[in-house]
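> Residues per chain, in single letters:
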Amino acid sequence: MAEKTLVDAVNDALHVEMERDATIMVMGEDVGRAGGVFRATAGLRDRFGADRCVDTPLAEAGILGTAVGLAMAGWRPVCEMQYESFSYPCLDQLITHVGRYRWRTGGAMEFPLTIRMPTGGGVRAPELHEDSPEAYYVHTPGVKVAIPSTPADAKGLLAAAIRDPDPVVVMEPKVLYRSPRGEVPEGEHVVPLGRARIAREGADVTLVAYGAMVHTCLEAAELLDASAEVVDIRTLKPLDEETLLGSVAKTGRAVVVQEAPRVAGFGAELVAVIAEKAILDLQGPIVRVTGYDVPFPYWSLEHEYVPTSERVAAAARKVLDY
Amino acid sequence: MATLEEKGQSASTERLKEFLREMLLIRRFEEKVEERFRAGELPGFLHVAIGQEAVAVGVCRALEEGDVIASTHRAHGHTIAKGTHPNEVMAELYGKVEGTSHGYGGSMHLYDVERGNLGANAVVGGGLPGIVGAALAFKLRGEPRVAVAFFGDGATNIGTFHESLNLAQLWMVPAVFVCENNRYAESTPAKQHLPIEDMTKRAEAYGMTSMAVDGQDVEAVYEAARKALKQARDGRGPVFVVADCVRLSGHYVGDPQVYRPKEEILELRKSRDPIELLRARLELADEDWEEMDREATRIAEDSVEFAKKGTDPRPEDALKNVYA
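Residue numbers (numbering that gives the first Met the number 0), protein chains in the order written: chain A, 0 to 321; chain B, 0 to 323.
List of simulated lysine to aspartate or glutamate pairs, EDC-like, C-alpha gap at most 20 Å:
id: 1; chain 1: B; residue 1: LYS138; chain 2: A; residue 2: ASP20
id: 2; chain 1: B; residue 1: LYS319; chain 2: A; residue 2: GLU109
id: 3; chain 1: B; residue 1: LYS269; chain 2: B; residue 2: GLU282
id: 4; chain 1: B; residue 1: LYS308; chain 2: B; residue 2: GLU97
id: 5; chain 1: B; residue 1: LYS200; chain 2: B; residue 2: ASP213
id: 6; chain 1: B; residue 1: LYS138; chain 2: B; residue 2: ASP233
id: 7; chain 1: B; residue 1: LYS138; chain 2: A; residue 2: ASP50
id: 8; chain 1: B; residue 1: LYS226; chain 2: B; residue 2: ASP216
id: 9; chain 1: B; residue 1: LYS16; chain 2: B; residue 2: ASP292
id: 10; chain 1: A; residue 1: LYS276; chain 2: A; residue 2: ASP203
id: 11; chain 1: A; residue 1: LYS3; chain 2: A; residue 2: GLU185
id: 12; chain 1: B; residue 1: LYS319; chain 2: A; residue 2: ASP163
id: 13; chain 1: B; residue 1: LYS269; chain 2: B; residue 2: GLU30
id: 14; chain 1: B; residue 1: LYS308; chain 2: B; residue 2: GLU34
id: 15; chain 1: B; residue 1: LYS138; chain 2: A; residue 2: ASP54
Just some of the chain A residues that point at chain B, by a computed CB distance under 7 Å:
id: 16; residue: ASP50
id: 17; residue: LEU69
id: 18; residue: THR95
id: 19; residue: ARG103
id: 20; residue: THR104
id: 21; residue: ASP165
In case anyone wonders, no lab produced these hints; they're calculated from the structure. Every residue, glycine too, gets a C-beta built ideally from N, C-alpha and C.
Required output: the full structure, derived from the provided sequences and hints.
As structure tokens, then:
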């Protein structure tokens, strides 16, 4: 196994999958000649041609809307949204069509469509390049959502998304694109959707997170005197409730961490699932550590906005001391 | 012996009679929809295209096997013209399992995947990008198929319209964009929502072949559509067709149309009804017309009977097919 960055793992997945299936095509802004602003699609145009790695105009509704027609006509499009915030114009197509076609047609229409986008803050960019909009996607019926936290999962979850018969949004934490590196299996590598991962075993408190916040939780675990377990959700929808509830049953305490603004974030859903299904396992309240209900601040303040390991550790201590 | 010219004329007359039959069927079907709405049998949010039948029929008759369409919120005519049986359309309006979308879609989400109907669309302009994608798919596979989007003048103000035309022309995909220019965006007249008079300019801005046609003349629509489809199919790029037409009904069934002078509708019904225009042109004998009308009325009535006898979807079925 080779050590790779997360973005190279994404690139690897695209190469392997496009090689495997000639109906897979990549489309997006600057994905072809330029290889993507983060280089996630580098080399695809040379390898598979301009028809299967399509440089599009700056038109996100057009990109996803075109992918709707392509999917209906037998292709497996993989759309890149250059930044998560640039995906907002395509939300129209996602909400009104992508998530609904199969249902409306009584299952007559396949929708094997993947949307990739970088997500989250921590790279000292302005507000509309640092959002964490996963809740919008998770809230859309008919759409699945995955967020990897390691290079291996970035490759495996993307491959699973591309192979899935349903539309999947894969959000890649951009702060993790270049570091840390991780072991990535060569060739075909699929991480099934809907399975969480225990990123660190522990006995006293469960820290629940996805994406970049998994690393924050792993750091927080080191700061605690107690033994913390870290659950990496990996697929937000469908959610692996079994792994989540199993961990909470073991530790009796849960801290849920998300970078996105607090109100009605995906963390609230995780808290609700634990509260509904594991209340008798709990020895204290479930506490959230989140971003704030403000637009993502500019770089001089971003370290104040994004949850830190100290904030997570403080929340964990509160639950442990309850 | 009939001359070649006479033979050609009689073939054309036969074709026009078929067009008339189909337009009349759509008309009687939609009148039935209005009637059943007033009787309280059909819930609201129904949009009929009474007055615009010539566009649906003229375009769809010009299509070839394998061509696909995307429709709008005013979709009954397009759907029937694309080959879906009126029974299935009516059943969908009644929310029955036998409907085109098994009772989950309704009037604004009619589908017929088998017959190349990629769906009606409740969001104005929503179907255009998908048509570009379908056309791109055909082009990439080298298939001689064309994807056709129907939409109204109101849709030309929305972003997806412009993104779609831009992409279609940029990629030279086999698509035809049919703008049903009925001069109303819901209740808003063209002078309040369009800064330009000549709608063909919309597409000229993208360097796209653009043509205007009298949308009340089914033969003119048919000829224009054939020309447009040929260009698209031959790989010579997409075409924008503005069909100037009239909506003889309100925006929705039950619309009091307070935004429109009563005389306007009366005058249009007298002078611009595409069915009356074609009937007069064909100089149809009264008994031929009556027979045609009886047949259309019977099919429309049968569709209601069929729909009423349909199966109600079970609540648990609505939980299916969200995911594979």
